[in-house]
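Asks: Read off the chains here:
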Amino acid sequence: MTKYTYMPEVRRVFRCTVPNENIRQVFLVDGILQEEENERNGIVLQRGTNQMGLKLHISGDHSQEPIQVISVRNEDLPRPLEFSNRWELAPGAVAQIIVCDHTMQEYLYKTFRYSQIKVGDGAHLDILFMQNEHHRSNYRLDIDAQLNELSGLDCHILSLYGGVIQNTLHVNMQRPGAVCNLDGLYLADGEQEVLYDITVRHDSPGCDSRQLFKGILDNHARASFDGTIHVAPGAQKTEAYQANHNLLLTHDARITTKPQLEIYADDVKCSHGATIGRLDELELFYLRSRGIPLAEARMLQQMAFVQDVLDRVRNDAIRSRLERMVESRLRGEFTKCSHCTMHCC
Amino acid sequence: MLSIKDLYVKIGDKEILSGVNLEVKPGEIHAIMGPNGSGKSTLAAVLAGRETFTVTQGSAVFMGKDLFELAPEERARMGLFLGFQYPVEIPGLTNVNFMKAAVNEQRKYQDLPLLTSGEFLKLMREKMAIVKMDPSFVGRGVNVGFSGGEKKRNEIFQMAMLEPKLAFLDETDSGLDVDALRVVARGVNKLKTKENAFVVITHYQRLLDYIVPDMVHVLYKGRIVKTAGKELALEVETKGYDHIIN
Ligand SMILES: Nc1ncnc2c1ncn2[C@@H]1O[C@H](COP(=O)(O)OP(=O)(O)OP(=O)(O)O)[C@@H](O)[C@H]1O
Ligand SMILES: [Mg+2]
Numbered sequence: 163m164t165k166y167t168y169m170p171e172v173r174r175v176f177r178c179t180v181p182n183e184n185i186r187q188v189f190l191v192d193g194i195l196q197e198e199e200n201e202r203n204g205i206v207l208q209r210g211t212n213q214m215g216l217k218l219h220i221s222g223d224h225s226q227e228p229i230q231v232i233s234v235r236n237e238d239l240p241r242p243l244e245f246s247n248r249w250e251l252a253p254g255a256v257a258q259i260i261v262c263d264h265t266m267q268e269y270l271y272k273t274f275r276y277s278q279i280k281v282g283d284g285a286h287l288d289i290l291f292m293q294n295e296h297h298r299s300n301y302r303l304d305i306d307a308q309l310n311e312l313s314g315l316d317c318h319i320l321s322l323y324g325g326v327i328q329n330t331l332h333v334n335m336q337r338p339g340a341v342c343n344l345d346g347l348y349l350a351d352g353e354q355e356v357l358y359d360i361t362v363r364h365d366s367p368g369c370d371s372r373q374l375f376k377g378i379l380d381n382h383a384r385a386s387f388d389g390t391i392h393v394a395p396g397a398q399k400t401e402a403y404q405a406n407h408n409l410l411l412t413h414d415a416r417i418t419t420k421p422q423l424e425i426y427a428d429d430v431k432c433s434h435g436a437t438i439g440r441l442d443e444l445e446l447f448y449l450r451s452r453g454i455p456l457a458e459a460r461m462l463q464q465m466a467f468v469q470d471v472l473d474r475v476r477n478d479a480i481r482s483r484l485e486r487m488v489e490s491r492l493r494g495e496f497t498k499c500s501h502c503t504m505h506c507c
Numbered sequence: 034m035l036s037i038k039d040l041y042v043k044i045g046d047k048e049i050l051s052g053v054n055l056e057v058k059p060g061e062i063h064a065i066m067g068p069n070g071s072g073k074s075t076l077a078a079v080l081a082g083r084e085t086f087t088v089t090q091g092s093a094v095f096m097g098k099d100l101f102e103l104a105p106e107e108r109a110r111m112g113l114f115l116g117f118q119y120p121v122e123i124p125g126l127t128n129v130n131f132m133k134a135a136v137n138e139q140r141k142y143q144d145l146p147l148l149t150s151g152e153f154l155k156l157m158r159e160k161m162a163i164v165k166m167d168p169s170f171v172g173r174g175v176n177v178g179f180s181g182g183e184k185k186r187n188e189i190f191q192m193a194m195l196e197p198k199l200a201f202l203d204e205t206d207s208g209l210d211v212d213a214l215r216v217v218a219r220g221v222n223k224l225k226t227k228e229n230a231f232v233v234i235t236h237y238q239r240l241l242d243y244i245v246p247d248m249v250h251v252l253y254k255g256r257i258v259k260t261a262g263k264e265l266a267l268e269v270e271t272k273g274y275d276h277i278i279n
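These protein sequence lines are chains A and B, in that order.
Taking the numbering used here as reference, the numbering of the first sequence is continuous, increasing by one, and the terminal residue is 507.
Taking the numbering used here as reference, the numbering of the second sequence is continuous, increasing by one, and the terminal residue is 279.
To be clear, the hints were calculated from the coordinates, so they are not data collected in a lab.
For glycine and all other residues, C-beta sits at the position ideal for the given N, C-alpha and C.
Fair warning: there could be bad hints in the mix.
Chain B residues, not near chain A, derived (Cβ > 12 Å throughout) [unchecked claim]:
#: 1; residue: Asp46
#: 2; residue: Gly60
#: 3; residue: Gly70
#: 4; residue: Ser92
#: 5; residue: Asp144
#: 6; residue: Lys155
#: 7; residue: Thr226
#: 8; residue: Lys259
#: 9; residue: Ile278
What follows is a set of in silico ranges between Cβ atoms, one per label pair, in the way DEER data are often shown [stated by the list, open to error]:
#: 10; chain 1: A; residue 1: Thr361; chain 2: B; residue 2: Val211; range: 51 to 61 Å
#: 11; chain 1: A; residue 1: Arg440; chain 2: B; residue 2: Leu145; range: 32 to 42 Å
#: 12; chain 1: B; residue 1: Tyr243; chain 2: A; residue 2: Asp388; range: 51 to 61 Å
#: 13; chain 1: A; residue 1: Arg440; chain 2: B; residue 2: Glu56; range: 35 to 45 Å
#: 14; chain 1: A; residue 1: Ser225; chain 2: B; residue 2: Gly151; range: 24 to 34 Å
Rough simulated footprint, nothing fancy, chain B against chain A, three-plus residues with beta-carbon under 8 Å [claimed, not checked]:
#: 15; segment: 437-449
#: 16; segment: 462-468
Chain B extracted, bound-state conformation:
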């Protein structure tokens, strides 16, 4: 589904990713851990198409297509999703209009008829229920005045609306209280099928109690230095990165 080979990425003159390799297959859940500044968000953003980064070497193939040839919106419509570490506020644009535009673009791409207002609202209500989001959020500006946890829920809600094939969730668990964490995890598990895949970026093993990964990777200074089963997360938490790197 996704195959990243020897990926090097720069911002300005600074190299941030230095030869990342990663294979994700349908039905899998991967976790990426790593110290602050190791390049986790960069990896996710580069795959989603953030233009501030320059790919200097390597490739990323998603669903048989070279990702770096595609605009961010094309990647999204093919089923790639990024749950942002810092979701963006857009004053003046309501959540409902945002999602309506997104869902309609996706349906156009899939050659499906556009949803009527009634159908759309029904879909929205259904998906909001999954993340226990208050219905009053639909009419509010995108992420405007949302608490940290509410923003993260909104990311999962958007993911539920778009039903991606591959979702990168960048620290969706950070700043969540235990209940919210469970809600988010339940959302992910509910959306999980044999056909789709998730890559969760996290600092905490506790998320992985709810979303059980098939593989855990440690990203360090722009490289994946270790890959193992879910026990690696526990090792990171108890022993720290120094122990793993050495």
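Looking at chain A on its own, in the form it has when it is part of the complex:
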């Protein structure tokens, strides 16, 4: 077991190539913010409740300056670690945040991370959660998002490693004209388990939500996907879509998927769909007939399967980096990121 130690004085160890050298990085080690509270260019960074977690309050347009929050588990604590992060966008603000969750050692970490998101009127938040722990960790992410008038939320979740990963998302379209895109990719093998529970509530008229979740399950991996779209009475002109597609690579892998619609308004466009499939035999033959070996052909098929989820990450630099990570994860090469000396994300 390799032991890594957090060394705040050695910044370079955390210098990931996501998405450029000058990205602002904020560290949380076992839920404790590693810098003083501060305010810069309209971004207020504070500690959260009980000195745990963080609170980011953002105003102004920061679309060109993504912030990366690196949240690592280090100490082996007797109890589950539980903390809450808050992301608040003032009206009209634009922000891009990447949250990378890691473990430094291979203890049986158990972590509950709450994420409270508030997107002010006309504001837009693009937030990406990288879940990259290890096969013995127990990980829980609870996202609670409130969208205000004409606001936008793009939320991407990439689950690469973790023993049990449990993602609960509650999105509330509470004011008219909000738009929300939720997507996620879960790649699980061995004995990994990924559990999703999503509720998108359309409480106001004229809001759009689009969900696309895809999973590839290998070996004995298990996943479940519960997704509910709730359209309240009066939430007319709602457009809400949900899709969950799964690829099972073995006969032992299991997925249960339950998309649900609860619609109490009449002028709405809603759809949901779920599929469970295996690698297509004819596609595989086509690839192999061009000289591509079986293992590589299967890889290409899997990459093809996840491509539309990755395409929803609009930042090119981040997307191409995610593509590489997903590819090496699927090749089984990847346990920790190879691009940074810290072997975190």
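Please arrange chain B with the ligands on chain A, whose structure you already have, making use of the hints.
Replies: What follows is chain B with the ligands alone, placed relative to chain A:
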């Protein structure tokens, strides 16, 4: 180059090929004709390594090797190519990434250095020009949303990229307009050398006006019932199969 002897093939309990014999030598062009369901595509697919079929008897030796001992990708890397009657769509995989993987595997096999991105794109452009394929196709999903004719062109383009020793073209001419037919035929003729060979499966004599075969075979109920020169194609077209079989 290819020698098929007494080949019997089944799918499930159904026998589809019942004793096929065929010899292809370098520099030759063969045409296989035959009514629907006679087993033409099956023959090509079995040689390329489609696993849904079972070979129950007979042999196929390609470049001195028993084809049935080899995985589909090994056959391809040795220089066997199949132009599919129904090219497969692969959403999410771009043509360029598909061909990059294929060409690189072939170069690895041939002990050649891998191409740089620049070299690869240049090669792609060159080969696309041969089949007059629009450059915008490189970034699109493999065959996704391609028209019937565009899919067939894409098969020829892939063949041009891989420069096989022996290519089976399964109804590459079906569904092509006259111009596309000429483009495809020109592609084949351009790739034709003394060292390689083609087997074209077709229902129409018109393709054979452009790609002139040395030999025409008629496959009927899983057997080659007649072999002759290119005049056989014309005979098939004017008189029909009944006349030839009887
Ligand atoms: N997967 C399959 N399952 C059952 N039967 C099959 C399967 N594939 C092919 N066959 C049968 O095998 C026979 C030969 O098919 P094949 O596709 O080789 O014919 P073909 O000569 O290429 O016909 P066409 O001119 O219509 O393309 C047909 O009767 C077909 O129905
Ligand atoms: Mg056929």
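Asks: Against each hint, give a clear statement of whether it holds in the structure.
Replies: Going down the list of hints, with the structure as the test:
1. Asp46: holds, 20 Å
2. Gly60: holds, 23 Å
3. Gly70: The assertion about B:Gly70 holds, with a minimum of 19 Å to chain A.
4. Ser92: B:Ser92 clear of chain A: closest Cβ-Cβ about 20 Å, beyond 12 Å.
5. Asp144: holds, 14 Å
6. Lys155: holds, 20 Å
7. Thr226: Per Cβ check, B:Thr226 is outside 12 Å of chain A; nearest 20 Å; holds.
8. Lys259: Holds, because the least Cβ-Cβ distance between B:Lys259 and chain A comes to about 29 Å, which exceeds 12 Å.
9. Ile278: About 32 Å separates B:Ile278 from the closest Cβ of chain A, which puts it past 12 Å; holds.
10. A:Thr361 with B:Val211: 51 to 61 Å: With Cβ atoms ~58 Å apart, the hint holds.
11. A:Arg440 with B:Leu145: 32 to 42 Å: holds, 35 Å
12. B:Tyr243 with A:Asp388: 51 to 61 Å: holds, 59 Å
13. A:Arg440 with B:Glu56: 35 to 45 Å: Because 39 Å falls inside the window, the suggested range holds.
14. A:Ser225 with B:Gly151: 24 to 34 Å: This hint holds: roughly 32 Å between Cβ atoms.
15. 437-449: With 6 residues closer than 8 Å to chain B, the segment 437-449 of chain A meets the three-residue bar; holds.
16. 462-468: holds (count 6)
Hint compliance for this structure: no hint is broken.
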